[in-house]
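A.B. asks: What follows is each chain in one-letter form.
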Amino acid sequence: MKKRVAIIALLLLGIALMPTFAATPKKVAVIIKATDSDFWQYVLVGATNYAKEHPDQVVVTTYGPPSEADIDKQVAILEDVVNSKPDAIVIASTSSDATVPAIERATKLGIPVITIDNKVNTNAVKSHLATNNIKGGALAADMIVEKLKAMGKPLSGKVALISAMAGVQVLTDRDTGFLNRMKEIAPNIKVLPTRYIDNDIMKALAAAEDLFTANPDLIGFFADNNHSGDGVARAIKERNLGGKIAAVAFDSDPEEVQALSDGILYALILQDPYGMGYKGVESALQALAGKTLPSYVDTGATAVTKANMNEPKIKGLLDPMTLKK
Amino acid sequence: MKAQLTEIEAKGKRKFKLRTESTLALLLLVLAVCLTIFTKGFLTGTNLSNLVRQTAINGIVALGMTMVIIAGGIDLSVGSVVGFSGIFAALLMKNGVPVIWAVLLSILVSFIMGGINGFMVFDGRIPPFIATLGSMAIIRGAIMLVSGARMIAGLPKSFLDFAQATVLGFPSLFLVWFFLILFSILLTRHTPFGRNVYTIGSSIEVARLSGINIRLTTYMIYGLSGLMSGIAGILMTSRLANGIPTGGQGYEMDAIASCVIGGASLSGAEGTILGTVMGAFIIATLRNGGNLLGIDPFILQIVNGIIIVAAVYVDQYRKAHQK
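From first to last, the protein sequence lines stand for chains Z and V. FYI, in our numbering the residues of the first sequence are 1 to 325. FYI, in our numbering the residues of the second sequence are 1001 to 1323.
Just chain V, same shape as in the assembly:
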């Protein structure tokens, strides 16, 4: 009888086991409810549409970052790639290259830049932190060189209209992000590539023994991070109507924070796309709410830091107690 009871208790407890995503969803819900109560403008179409547009750029960068982090790496060059792809596309368009080619070419170059990070990490055996720290500086320098540190204005209208467009009431920026989320979820959860990413992050030795092509997978992981940053850079340029030389500066920090809040572990093999998406939303909602409420920006910054640390602590605590 007693044994049965404990079994039932255990079952009940198991049902209450919270996955990272559910904890985050709960936190997001609490935030949203509070903001709805305390502000006039939070739960309005305009604000929600603003919120998803504000989140999209960082959200897209963070998707690529998630895969890199799951594989046990880090990519500090994402902010520079965001800036580069924006400036590069703007330059091409200014020189008469058709919009679609300018966009595709910039994304391709971003992909290759990411691939080179992968090359440095795998073939050069340079720790990811150092390799991408280097490329962060190299790419930012390249941006300044090609743009002369000046904004590039006067871009074609068809390109600028993209970021302003809505489909069925959804902002285009959000839709692009949404499709990239679906793509990333499919990739990480339902393809051999996705499994390989987790395996490499868990143990490079195991990955080698199971015959995974680590070289190609590493190129692809960093390449994808570059690709996502490239897309984000294009969207940012379209939204701001200018190629901005300083664009994307510091974005690596928001991306890493989104992943970490979303349950990704910097020691690899842990993390999900959905978690990162929620992490990105939490960061953006805090910023949005802070602006709406007129909260002291310095306090907001402190809260932001606390949330990053607290999210990881809670996650570690939960895992330790579920084992």
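One chain only, chain Z, in its complex shape:
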């Protein structure tokens, strides 16, 4: 009896290990928008972690231009990657159009392409994984109203909107989602004209200061990425208005997390860049295995406040570097 169990167990082990010995790991190239920001580093951590967890299935190589302004450089990188013939490509394309020819060429060569974060205007993509930024912006509006209610303030007055940059689709989506939801749930609140800050914290700080000066009756702030959030947090801190302003910002970096725990920012809206990288590579492998993938996967947006920021799952969202293997 014991012998038989042992034999069956060995057999099962053998079957389980068979694909491991049989298949060589697939080469997946991950291309990010820019190497100069925490957000994209988090994507890379997710992607490389997947590879470290499954060393027998996949080897991940990472690429990216220095800055999000370098659209042409990213296109060049993609072209070079396609020429190097990896098994699959995961790309966060900065432009929705510029990378289309190279992506279509990859597909023709039989290299499946998964896009993350930004949608690309072609059908040649196997699957698209991204945050629904319109929903994320709406979530920010919900959090501002939640804070105002908690403070016992009436839902009327002025709220400022600081955007990192004009003409970037994900930011426009966040702002639109925010404005629409605000109109819906707090029609008496006036959202001031958007200020753009060239993704420079100093400019965000200056803009927030000026908005305070011009509008003494300001009750809330929405900053649509981490750098704009940092500037807003600093302006609130310098004026000692922490807790008295309903301020909500997107993304996370050390300064934002500090402001959240100090009660200067009420909430952070977090995307899941780690998940994008991780699931991106996973989807690439599934595509290689011949599975049909959903054309769009919402990687979700989560609102984090001081109350839930220490939960283990949220901690991983706040600083995916803690997940690095």
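Accuracy of the hints is not assured; some may be wrong.
As the list claims (entries may be wrong) - DSS-like mimics (lysine-lysine), calculated; alpha carbons at most 25 Å apart, straight line:
id : chain 1 : residue 1 : chain 2 : residue 2
1  : Z       : 306       : Z       : 153
2  : Z       : 325       : V       : 1094
3  : Z       : 237       : V       : 1094
Simulated from the structure, these hints should not be mistaken for lab results.
Following the hints, complete the assembly by docking chain V onto the known chain Z.
C.D. replies: Just chain V now, kept in the frame of chain Z:
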């Protein structure tokens, strides 16, 4: 009688001759008056204190840039140096180096980086635009490398308090800028070095014939630009409480615009520190006023561009008609 009259007329006209600085002061005054009338908050202590703090960082970078431009050069690496000195100081402090040493060391490294620009320009005969374009990329890359493209937080409180401090009601950022302005004015107007800068900008041949040590002067000019950017980077880091890898990106453009609005000529030998200071103020006041009034940011950007071009045009026109 008639001759006398024309002479008097001429004298009168001479009195009306506007120097660049006076034109700019007038423009600034008009801006300030308009903003005082049309906004509630412009002429308040808080806003003016904000305004000078918002201007200080760019203002300091522009001081070094002015000297480079007067000498007929250009320094595109200033933004990267701002970022580097901030990150470098933050890293040193995080690793237990005392605040004062971290600050001095970062400024020294910035000075040396500038000096290397000077070396490339003089000894390498690389055009300043190219040399500093290269160092802009090299230094930014170095920042990303040492910081892993991540912010550096958790800096000592004594360092962070500096940017928040005020002396007799003046923000510390402004005071540092103010002393650097005085230093730069003294340097450019009352020292042999300052005269040499103008001479080199006017004609390198004349400079050589008059026995100026062009090599050393070039090192010093670019070194000073690095030094100023280094100081600006330290102040920015203190103000933002973090070492920011992207800090200072694009600052070369604001600095160059300040110099040019202030009457500096990219063909060299022209420009003053005071003009640049006003140029910096004009740029900052426009931004500040735009925010206060809630002006469409895209229109503001267009106006900014128009002012740069218009300022130079008016200056050229004025000079042509005074000769």
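A.B. asks: Report the numbers of all earlier hints that the structure fails to satisfy, in ascending order.
C.D. replies: none
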